[in-house]
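Visitor: As a plain string of letters, each chain reads:
Number of protein chains: 2
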Amino acid sequence: KRAKKTNPEHLVRQILAGNITALSQAITLVESKNNLHLKTANHIINNCLPHSGNSIRIGITGVPGVGKSTFIEALGNYLTTKNHRVAVLAVDPSSSITKGSILGDKTRMEDLVKNENAFIRPSASGDSLGGVAQHTRESIVLCEAAGYDVIIVETVGVGQSETAVHSMVDFFLLLKLAGAGDELQGIKRGIMEMADTIAINKADGDNLKAAKLAKVEFNRALHLYPLKVSRWQPKVVLCSALKNEGISDIWNVVKLYISQTKENNSFSDKRKEQNTYWFLQTINDALKQEFYSNSNIEIELQKRILQIENSKISPFTAARDLLQLYYSSKEI
Amino acid sequence: KRAKKTNPEHLVRQILAGNITALSQAITLVESKNNLHLKTANHIINNCLPHSGNSIRIGITGVPGVGKSTFIEALGNYLTTKNHRVAVLAVDPSSSITKGSILGDKTRMEDLVKNENAFIRPSASGDSLGGVAQHTRESIVLCEAAGYDVIIVETVGVGQSETAVHSMVDFFLLLKLAGAGDELQGIKRGIMEMADTIAINKADGDNLKAAKLAKVEFNRALHLYPLKVSRWQPKVVLCSALKNEGISDIWNVVKLYISQTKENNSFSDKRKEQNTYWFLQTINDALKQEFYSNSNIEIELQKRILQIENSKISPFTAARDLLQLYYSSKEI
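These protein sequences, in sequence, are chains A and B. When you read off a place in the first sequence, starting at 1, and then add 78, the result is the number in our numbering. When you read off a place in the second sequence, starting at 1, and then add 78, the result is the number in our numbering.
Keep in mind the hints are simulated off the structure, nothing from the lab. Cβ atoms here follow ideal geometry from the backbone N, Cα and C, with glycine treated the same way. Every clue listed holds true.
Pair ranges (Cβ atoms, derived):
1) B:112 with A:408: 23 to 29 Å
2) A:206 with B:343: 28 to 34 Å
3) A:337 with B:340: 52 to 58 Å
4) A:371 with B:322: 52 to 58 Å
Derived list of chain B stretches under chain A, where covered just means 3 residues or more per stretch with a C-beta under 8 Å from a C-beta of chain A:
5) 122-128
6) 208-220
7) 268-282
8) 292-303
9) 341-354
10) 378-389
11) 394-402
With the hints as constraints, model all of the structure from the sequences given.
Guide: Here's what the structure looks like:
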């Protein structure tokens with residue numbers, strides 16, 4: 079509604095100068111539902127693109143209670159002492175429903191939020207994972223253009239959000255706990271295969287023994303997977319974010335990963351693939367959206383699913399019928 | 079070309095009577111590219127549907143050399159001695175390219191092919207996995223209507239073919255070898271998570287010790303995964319298809335799985351899900367096919383990918399541009 083007049087060229091210049099207010103403003107435009115805003119956002123992103131990419135993008139996931147915020151705060155603060163500038167983003171499609179978004183409560187990262195070399199942005203709210211993921215993906219470009227050289231993307235792992243985050247980062251870190259009884263519950267299938275490293279958090283005090291055992295087990299499990307294209311063998315590390323232990327070890331693993339994948343070119347190959355992935359994914363999502371929101375289709379779809387469930391029609395015949403209906407309705 | 083006139087009602091009656099020639103003829107219609115044939119095939123499938131479903135569908139995968147044919151022959155022959163009627167199908171999208179289709183050389187299963195309670199059909203050839211998978215999926219219906227109560231679907235694991243087979247069977251079996259040095263190479267990521275059971279084949283003679291060790295390792299790895307929706311804990315079994323050892327053990331595992339999943343309803347839930355999956359998948363594939371084969375799009379697509387790779391345009395802007403081009407070209 080309050081479509082304030084924005085000068086995109088001015089905003090781009092300010093972002094490139096590292097102005098945090100301009101960066102925040104641009105991200106707000108990216109997340110807007112106002113068409114005028116989106117056009118401006120588009121313009122800004124395309125002008126920031128040539129200045130983006132020069133960063134390490136790290137995805138972090140783990141079940142609630144694993145200590146993600148504390149970990150990100152510890153890692154973020156550590157990195158700023160190493161002269162890095164750190165941006166923390168999030169993909170949480172549930173935030174618009176629950177109203178309780180991750181990173182929404184900035185007090186969760188009290189120290190990091192005060193750190194002038196860190197930029198924290200709560201998850202965009204949105205109706206769909208696709209929308210939220212796109213906003214985060216575009217925000218990465220803006221943050222990089224503003225000079226942030228480490229981008230951390232947090233996800234709580236709702237629905238397919240890990241896949242989305244995995245597809246926008248260079249390095250994917252899975253946080254786990256040991257000594258919590260059944261430490262393997264709650265992690266969705268396939269997540270372990272995505273991980274470039276597993277960090278077992280809260281590996282301190284009475285937990286240390288169990289954590290060490292878990293390390294051996296996870297290492298064994300990770301070795302059962304075939305090597306990734308990058309030829310990187312995923313690692314398992316122990317840490318205690320609360321006690322600030324093991325954080326530098328994890329950063330060393332990240333650095334090792336980056337140097338190894340840059341050497342064999344899989345770093346840039348992966349980024350290219352990710353770009354193409356988002357390009358095609360956006361197209362495919364839009365095509366489906368067009369089809370399934372067609373009013374004729376909406377009515378017929380439920381009918382057909384019932385017929386399929388009652389073995390009245392094969393799924394393929396039903397699909398063919400709906401497609402015919404769709405294309406003929408578009409021709410009129 | 080030789081679109082022989084077929085009486086579909088007659089063919090359906092013959093299939094239901096268990097006539098193998100009629101069954102083969104119907105499958106040939108399903109695989110045809112002739113539109114008239116396809117219409118007939120469609121009619122036949124929808125009339126066979128109410129008589130289908132009463133079977134156990136088993137998917138089998140494993141790298142070349144693991145002994146898939148020998149295993150399927152051993153399992154198939156064993157099942158016919160238990161009064162089952164067994165149909166063996168395949169999903170191999172590469173067959174049309176390499177001309178060497180799996181199951182194509184029926185002599186690979188010399189005994190089973192002579193077994194009157196077994197029906198073996200080579201993989202349909204086709205240009206796309208989607209096409210081949212659809213033909214196999216429809217052939218399952220026909221085989222079931224013809225009275226086959228165990229359907230085995232073999233895949234060599236090219237591209238996404240395991241996922242396709244996994245989505246059309248009740249039970250997914252991964253064949254592996256031990257003692258082959260690096261026994262884990264060559265299996266694509268994610269396959270192990272799909273397996274309802276891993277069978278370590280060639281567990282005989284000098285291989286036995288290594289096979290037993292591998293069994294322990296795989297069991298450990300499988301326990302690291304969260305339980306499937308069916309609450310089934312995947313098993314690891316040893317066998318030697320060549321020596322006909324362990325085959326009954328595997329069949330007992332299948333029976334245990336079926337009774338357990340039927341009891342908690344996950345058996346029928348999974349089948350319903352699979353039907354809906356194929357319905358939506360067919361629609362989504364067709365929408366993409368329509369888009370990407372549009373002549374305007376084909377030209378622009380490559381241009382945009384280049385621009386994206388050179389950071390000239392964001393993947394999202396590029397997607398939006400192409401979609402605009404597509405929909406405006408359809409309106410004219």
